Amino acid sequence: MKQLSLKKKKSLLGLSFLSPWIIGFLVFTAFPLLYSLFLSFQKVKITPSGIKTEFIKFENYTYAFTVDAEFTQILLKFLRELVISTPIIIVFSLIIALLLNQPIRMKGFFRTIFFLPVIIASGPVITDLMEQDVTSIPSIENYAIFAMFLSNTDGFLNTILTYLMDNLIIILWYSGVQILIFLAALQKTDRQIYEAAKIDGASNWECFWKVTLPTLFPMIIVNLIYTIVTYSVFALNPVVDHIQSSMFDISTGFGYASALSWVYFVVITIVLAIGVGTVAIRGNKKYT
Amino acid sequence: METKLARVQKKRMKEYAAKVGMNDFSTKMKSFLLGVQGNNGFLFKVCVYSLLIGIGFVYLFPIIYMGSYSFKSLEDLLNPLVSWIPSTFYLDNYEVAYRVLDMLPTLMETLYVTVIPSVAQTAVAAIIGYGFARFEFPMKKVLFALVLITFIIPPQVLMIPRYVFFNELELVGSIFAFLLPAAFGQGLNSAIFILIFYQFFRMMPKSLEEAAHLDGAGHFRIFLRIALPMAVPAIIISFLFSFVWYWNETALASLYFGNELTTLPIQLEKFNATFDKLYTGDAETQNINEGISMAGTMLSILPLLIVYFFTQRWFVEGVDRSGITGE
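If you read the protein sequences in the order shown, they are chains R and U. Per the working numbering, residue 1 is the first one in the first sequence, and the count goes up by one each step. Per the working numbering, residue 1 is the first one in the second sequence, and the count goes up by one each step.
If we strip away everything but chain R, and leave its shape as in the complex, we get (with noise of 0.2 angstroms):
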């Protein structure tokens, strides 16, 4: 009986220890979510009194996808570039990650530099970056092998290299945080195993596969998760700024906006679990 009483004790003090999150997350999450939910089927109206909403079914979903040609546009544009990035992304931050992990002189000194643009990775510096030209490759593209490349590729391959070249520097840019994930869990991996497929006689190359990939293949889930994340909430990205600015729109609205962040969040949700989904099977056939 006492027993029983401790324990329940227990779990009550815990529970006050996770009360301030409780409360957030119904005040500031969970009902902003749903408030948002019912606005999206709403017109919004605010009137001097407060605002004013009118039922009207999901007239802002099919004026999204039928009568507002930006958002779908726009849409698909980032979708495309999100396809594109993240695996460079994490491709890139496991790349450097492992070079910072070799026994090398200066090791704090490159690692300041990966790790800069978390710090300035704010939206009107790298505008203002952008709008000098200086986040693609200095002239790349007058090197003679890079134009017969492009004019040797057609449409859709065309798009992703020009795409490539002119914002490297902005996609290499986002993988600090990654960079340091997989830093992380490379030293936390045991010497150990590697020395045992040594003498097994394993080559760099194959323990890299063997060891190393299966071994971090966790911290790529966390890591694709945290990319298109960030990749989506970010201030440059035109949805975020489509839906920013419908929202004060007197012919839209908070209602079409609304309606507008449902369905991002719902695309987001489905990119995540497919991009997941699929690393996670075959990770799971690879490795195990």
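Don't take each hint at face value.
Said to hold, decoys possible - Below, a sample of chain U positions facing chain R; criterion: calculated Cβ distance under 8 angstroms:
1) F137
2) T150
3) I152
To be verified - Beta-carbon label-pair distances, calculated as ranges:
4) U:L278 with R:V276: 45 to 51 angstroms
5) U:L77 with R:I193: 52 to 58 angstroms
6) R:F38 with U:L302: 40 to 46 angstroms
7) U:D215 with R:W209: 48 to 54 angstroms
8) U:L60 with R:T230: 20 to 26 angstroms
9) U:L77 with R:N204: 47 to 53 angstroms
Simulated from the structure, these hints should not be mistaken for lab results. Note that the coordinates shown come from a computational prediction; the quantities given were computed from them, not determined experimentally. Beta carbons are placed, not taken as given, at the ideal position from N, Cα and C, and that holds for glycine.
Given the coordinates of chain R, work out where chain U should sit on it, guided by the hints.
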């Protein structure tokens, strides 16, 4: 860094070379170029360093460009012979940018709206993380999953209702629009900080807690006196990240703060407009040029750069030690 294995291998190779009378020089050369283990040879090192330096340059290119252009006078900008190093040490760009950004008051306001929410966010994340790590209670898994889910909800979905909510309470234009969600664990990326503290407090030995219990300390006292002092790396890393993320947040800041409060990034966004207001219609009409706008950008990131150079050690090591990656 030679491992035991490498040493043994080397010794064996030497013995073997001596036995068959092989030329000592060629073995040495080979192990120098390719390394005995495959990852400490000279060629490999050259590869690693050149990759690191090359990519590092691409990384720093915009910043170097920014620095170089911000010191260029109009003549230097127009002169095609001057490419990287300005001909004179020209500071006028900074003077103009300083005035356009309204630097000092803006900096103070930026610090005000970033430091206070970051402190609140870190403190609350520590409390919540401790609750998750050290206590058992029903629905713990569900609650933890909900914490993680809050990370993937885009702030844009919550933006409108929160705006309406703060508007009703007349909190738009004050720091509370940032501070309140942060203080209840719903700030920017709060889920990550809760996760960091959760991982950290889980590593704390149980016996320590029990010993404190026997000495008659209550749970809140254990948290304050024992757990928190041990979690200093996690506190530093959370605060720094939180600070940087709040600093760089412009979409939410411009919406919630309106015209009442401003931050350096928001000022930078309006840089051209403010410049026009200040300098057109002047006696000596001045036009905005690359140099001035680069100086503005430089000034707006300068405080963060300074903070970074003093704290980068913690930024990098903190993540290693605070166990952001889990076990």
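Verification of the hints:
1. F137: It holds, given that the least Cβ distance between F137 of chain U and chain R is near 3 angstroms, below 8 angstroms.
2. T150: Holds, about 6 angstroms.
3. I152: At 6 angstroms from the nearest chain R Cβ, I152 of chain U passes the 8 angstroms test, so the hint holds.
4. U:L278 with R:V276: 45 to 51 angstroms: 50 angstroms, holds
5. U:L77 with R:I193: 52 to 58 angstroms: For I193 of chain R against L77 of chain U, whose Cβ atoms are near 56 angstroms apart, the range 52 to 58 angstroms holds.
6. R:F38 with U:L302: 40 to 46 angstroms: 44 angstroms, holds
7. U:D215 with R:W209: 48 to 54 angstroms: 53 angstroms, holds
8. U:L60 with R:T230: 20 to 26 angstroms: 22 angstroms, holds
9. U:L77 with R:N204: 47 to 53 angstroms: 49 angstroms, holds
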